[in-house]
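2 protein chains.
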Amino acid sequence: MSDQNSKKALVIVTDGSEEIETVVSVSVLRRAQIDVTVAGITLQNENYAKCNRGVKIVPDQSLSNISNFDIYDVIVIPGGLNAAKAISSNPEVQKLLASMHQAGKFVAAICAGTLAIKSANINKGGKITSHPIVKADLENEYSYQEDRVVVDNKVVTSRGPGTALLFALTIVELLLGEEKRNEVSNHMIVASIL
Amino acid sequence: MSDQNSKKALVIVTDGSEEIETVVSVSVLRRAQIDVTVAGITLQNENYAKCNRGVKIVPDQSLSNISNFDIYDVIVIPGGLNAAKAISSNPEVQKLLASMHQAGKFVAAICAGTLAIKSANINKGGKITSHPIVKADLENEYSYQEDRVVVDNKVVTSRGPGTALLFALTIVELLLGEEKRNEVSNHMIVASIL
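So the protein sequences, as listed, match chains P and G. First residue of the first sequence: 2, per this note's numbering; consecutive thereafter. First residue of the second sequence: 2, per this note's numbering; consecutive thereafter.
Misleading hints may appear alongside valid ones.
Simulated pairs of lysine-lysine, DSSO-like, Cα-Cα distance not exceeding 30 Å [to be verified]: (1) G:136 / P:51; (2) G:181 / P:181; (3) G:57 / P:106; (4) G:181 / P:57; (5) G:96 / P:57; (6) P:51 / G:9; (7) P:181 / G:57; (8) G:57 / P:96; (9) G:57 / P:57; (10) P:181 / G:9.
None of these hints come from the bench; they were simulated from the model.
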């Protein structure tokens with residue numbers, strides 16, 4: 002029963018994904034007992050995603066092998082400019098992002114990953130943030146913020162590898178509450194100011 | 002020529018390594034143009050290390066395939082309690098850590114990884130820190146500190162996933178100076194207080 006009740010997250014990786022943002026998201030959510038699936042798309046080497054700084058991560062699944070997305074409470078899109086472009090132009094992911102948002106699930110993106118929020122036509126006009134390198138691509142269609150994490154209408158966005166812990170802990174708090182966030186944060190020895 | 006002059010780092014991974022500490026170290030050092038080799042030891046699946054929260058990382062090399070360690074300027078030992086125990090009891094790594102320290106290279110460990118500093122008999126009596134869970138194993142033989150990063154006699158130690166960015170940026174500063182550290186930190190949008 003407890004397994005059925007646990008929260009579930011889907012993290013998308015591809016070649017060029019920013020490895021800190023990817024791994025911090027996966028690891029922090031799992032520390033909160035969230036059931037995380039790392040799903041790969043369009044990988045050059047089918048065995049792993051070669052991330053932005055060359056770290057090679059083996060996905061748990063290929064996204065195309067997942068048949069039921071209704072079980073997920075949040076989808077997470079890491080950054081890495083080339084990865085974000087690949088994810089933003091992937092019809093399968095676009096459709097998934099839009100349907101998850103429509104179903105009232107959380108959609109979370111960090112760094113250049115925020116481009117995928119735009120290309121999926123989610124929460125246009127709402128508050129958003131991203132890495133400064135893609136600000137110009139977003140500010141005309143969103144209310145662009147400079148905060149380290151922005152939550153608006155179940156869309157969670159953040160800025161870069163240096164904000165990844167705060168981003169992941171915010172997702173934990175949104176899904177499981179402040180007490181769980183603090184428990185995870187304290188054990189990881191996170192700074193009081195992120 | 003520039004390649005020969007660039008700094009080089011060796012990061013040890015094994016099953017159970019803490020994935021945030023591993024990946025933050027690798028990625029931040031590479032962002033500073035440090036040439037990083039991720040070396041695996043004693044892996045159950047020869048293709049990847051299954052980290053502490055299940056993230057699977059493909060090493061660049063097996064440690065036993067590396068013949069020349071003189072080229073490395075720093076060796077980094079991530080945490081994860083079971084991994085730290087495996088690394089601390091691995092004769093090859095112990096010998097390597099001791100010889101690197103003797104040669105005046107930097108030896109860096111985070112979280113439970115600090116156990117490997119002790120078992121390699123490095124800088125006994127000096128200042129050290131670690132995750133609180135292994136404090137009792139270290140405080141009798143070292144001057145135990147509660148700082149987030151401690152540098153003493155070319156031994157760099159730190160506390161947990163929440164201090165991994167500060168740990169990695171400190172290594173960057175020690176190898177390449179404050180300007181490079183700030184350049185990397187600013188681009189990653191790291192908080193002013195870590």
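Structure-based check of each hint:
{"no.": "1", "hint": "G:136 / P:51", "result": "violated (36 Å)"}
{"no.": "2", "hint": "G:181 / P:181", "result": "violated (36 Å)"}
{"no.": "3", "hint": "G:57 / P:106", "result": "holds (27 Å)"}
{"no.": "4", "hint": "G:181 / P:57", "result": "holds (25 Å)"}
{"no.": "5", "hint": "G:96 / P:57", "result": "holds (28 Å)"}
{"no.": "6", "hint": "P:51 / G:9", "result": "holds (20 Å)"}
{"no.": "7", "hint": "P:181 / G:57", "result": "holds (25 Å)"}
{"no.": "8", "hint": "G:57 / P:96", "result": "holds (28 Å)"}
{"no.": "9", "hint": "G:57 / P:57", "result": "holds (8 Å)"}
{"no.": "10", "hint": "P:181 / G:9", "result": "violated (39 Å)"}
Of the numbered hints listed earlier, those contradicted by the structure are 1, 2 and 10.
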